[in-house]
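Participant: Next come the chains, spelled out residue by residue.
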Amino acid sequence: MPDLLIELFSEEIPARMQAKASDDLKAMITGGLVDAGLTYEGAKAFATPRRLALTVHGVTARSPDLREEKKGPRVDAPDGAIQGFLKSAGLSSVAEAKIVEDPKKGRFYVAETVRPGRAAEEIIADLVPKVVRSFPWPKSMKWGSGSLRWVRPLHSILCTFGPETEEPVVVELEVDGIRSGNTTYGHRFLAPEPIRVRRFEDYLASLEKAKVVLDPARRRDIILHDAKDLAFAAGLELVEDEGLLNEVAGLVEWPVVLMGSFDEAFLDVPDEVIRATIRANQKCFVLKDPATGKLANRFLLTSNMVASDGGKTIVAGNERVIRARLSDAKFFWDQDLAVKLQDRLPKLDSITFHEKLGTQRERVERIKALAREIAPLVGADPDKAERAAELAKADLVTGMVGEFPELQGLMGRYYATRHGEDPAVAAAIEEHYKPQGPGDRVPTEPVSIAVALADKLDTLVGFWAIDEKPTGSKDPYALRRAALGVIRLVLENSAKLTFIPVIKAAWILNGGHKRLTTSSANWQHLSTDLLSFFADRLKVQLREQGARHDLVDAVFALGNQDDLLLIVKRVEALGALLSSEDGRNLLAGYRRAANILKAEEKKGTTIAASVDADLFTEATEGALWATVQAARTEAAAAIVREDFGSAMKALAALRVPVDAFFDAVMVNAEDERLRANRLALLTAIRDACHEVADFSRIEG
Amino acid sequence: MTASALDPNDPRRSFQGLILTLQRFWAERGCVILQPYDMEVGAGTFHPATTLRSLGPKSWNAAYVQPSRRPTDGRYGENPNRFQHYYQFQVILKPSPENLQELYLESLYAIGIDPKLHDIRFVEDDWESPTLGAWGLGWECWCDGMEVSQFTYFQQVAGIECSPVSGELTYGLERLAMYLQGVDNGYELNFNGRDGAEKVTYGDVFHQAEEEYSRHNFEYADPEMLKRHFEDAEKECRALLAAGEGKGNGRHGMVLPAYDQCIKASHRFNLLDARGVISVTERQSYILRVRELAKACGEAWLKTAAGGA
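In the order they appear, the protein sequences are chains A and B.
For what it's worth, the working numbering labels the leading residue of the first sequence as 1, then goes sequentially.
For what it's worth, the working numbering labels the leading residue of the second sequence as 1, then goes sequentially.
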């Protein structure tokens, strides 16, 4: 069976887009073939900086014929209708149509048509241009005077098709003036000549000969292997970096790993700074001394070239750039160390955090006060928390952070350590930004937790107070991330933190109580709104962990829920209850009770204000009433102890008497007093359940 | 053109030789060789020969050196790699030719970079100028790990979609020259290619200026005056655009003078930024204000003859 080979040859494709692009090419082409009625045995896609390639083998040569039946009018229908039918079915006379008998509809015409299958080449010739035109690049562009969009200018399309035993043919197609062919090109500098291609096997081999390793996985292996070898030979260890490896493999067609070095004097600069400099700007790997674990004054670069001097010029060039980058870094390091963080604070006066929320200096003052307030709640020393908060933003005005903003916090920690600050204070300066995203580490040191919470809560409350809340996809101040950070800080550290008092403190610090002109000045409104924002974030977070969002709703609906830890515990206990049979039956009983009540409340039926045991006529009534009272008392007591498991267990005891009650008792008794009393009993069931959660919010 | 090792205009020997070689190279490929724009700009892109000429349907090929000022990059002459004033060599080709990458590589060969010895790479770099309302896709071009040029296919300029698309090449001349001359300190670049007493270095020409301007940019430029000038330029730009409407045979008659005011506003903003008196959010609003001017100029340009009206 024939094989298909496609190559889309372009100017350099960004490294980060290559993997997905080759997956997309494979999915779109094979999907299109299958949709058109072809089958195939296997497919594999590849990417290099200059090409996407796809081989599909064992493709059927034709799609099968499709038989279709088209129902027509009755044989006695007016001639116009019959002629119209013949025309639409492509028949020249009624003789070509079948007549079918139907007991109800009588005799009518049926046209039997055969849609002949198409040659695979034809299908491919249609499909490839469609795929090229609708390719889902994250960002695409136009070039020259054309209108085609591709990630960078597309130069040629190779497309051959044919069985193993024969000479494959070029599938003729054209996209915006680019005609398909059977030509590709080798390495830009080492073998730029055109190469004639027949099928995948010779394509792969010719490229390899022309200094192009088509498979990105192989390029990665080559780089990693050679890098480790070079490191080992120098008595060093490669600092592995998966992300960098992937990126570098997408920057070369013919990887050649080379080692360079830099002046040892630069090793005074913290390892992170050296690594950040060399990695971000130069895309080189760093090496460490296995004995000390410290960085060595070497680096590994991956060139795309077999140079005529063995790479001497390339290494020298890279060394020169790295030297310049590191001298920049060292210059900043030395300069920064000359000024204490404390002495940088006045400079924060001149940086506006937000025009309505004051300067960074003012913000630091707020975080200081808030961190002090939060410290005892998370077991931190208030003095240290305040000190850390005071210095937390000072590194923003250092040269190093100006140059490498991603080092904010970390540099503060280094400078604070060098200047003799307490280690917990120094650590908190770094960690107060954390966690940055769902994958980031959550600090566990109490001082860090206090400052991290203060920083985020100040931000949230501040922007809430000025009505700058996230809307839809717009969240310019990353407030969702801040709220998620708060949630993770609290939950992962099991911190007992009731939000309302803390938010109130932050609100007052932000001058919220003075902003009387806007609706957000209303504290009640702000706190409710912000708590529900937290609830939403928590829902997202819990959902990701597999919890049901309706359970979160059921707990939040109780109102005044501002202790995240308790909320989560309650949700967990509720989930456990509902996964038991007792829980599910209880929920059914609750719903029955609640539905009856809702219906009767709507009708205006009298419901007694309290249950009167003297009005019971059935034994099950008495039994239920006794259990409801006991369950409610027990559940309430358990909740005070924050023992939600026991509260749920207490409720679960309701299941049997509730079931028995509904089996034996007719709620809508003739006697109005009996009915009112029974409805009161149902109300008691509902209220007991609402001790632990609003069961009406539970779905399923 | 092979220059002998003693030719003072060899691009590997003198800064000016590098400029002369690039000019000749692009002149031979049909470019109009322009002179620098006579205003303070942050990059060669601001030159109306790029910003405005990249708009509209007419073809346009030009190359020029543009002195570029980035006030925040000042280092008082103490950093050998960073200057608040430096030179860019700018090439703009509209529509971008099919073989633009090859042309670019040939220009590197012309200035003495041997492709057999070096590792030349095109590394993703999406270019964006928020103040110009412009963006494009392309690369940083690396030679042995050093960024020697920016290569961009303009997609939008002044908020207007580019059709046809221009290809823009920007060579960082100091860095390139340092590489070609094998010098680590930019101030030690040989400017005129002479030896001994006749030799003039880059430092001879610019070191004092770097010191003085760093002082000015960071410490002494008067923020209040700069703010005032910014506002004046903004006002004037709008006034000229309004007044120029219909003044050129029914087209627009005062885009270039208006655009000068946009450039002026942009540079005042850069100076304010260097003085550290602009907050993060104010910064955003200044950028937006300049962009609005650029957009208005771009739209007006399309109503001129050169803009295709």
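Since the hints were made in silico from the structure, they are not lab data.
Please note: incorrect hints may appear among the correct ones.
With a Cα cut of at most 27 Å, we get these calculated DSS-like pairs of lysine-lysine [what the hints assert, rightly or not]: (1) A/LYS312 <-> A/LYS347; (2) A/LYS474 <-> B/LYS295; (3) B/LYS295 <-> A/LYS347; (4) B/LYS116 <-> A/LYS211.
Participant: Each of the hints needs a verdict: does it hold here or not?
Facilitator: Outcome of the hint check:
1. For the hint pairing A/LYS312 with A/LYS347, the CA-to-CA distance comes to about 46 Å; that exceeds 27 Å, so the pair is violated.
2. For the given pair, A/LYS474 sits about 24 Å from B/LYS295 by alpha-carbon distance, which is consistent with the 27 Å threshold.
3. For a cut-off of 27 Å, the pair hint linking B/LYS295 to A/LYS347 is broken: about 35 Å separates their Cα positions.
4. A distance of roughly 14 Å separates the Cα atoms of B/LYS116 and A/LYS211; the hinted pair therefore holds under the 27 Å criterion.
Checked against the numbered hints given earlier, this structure breaks hints 1 and 3; the rest are met.
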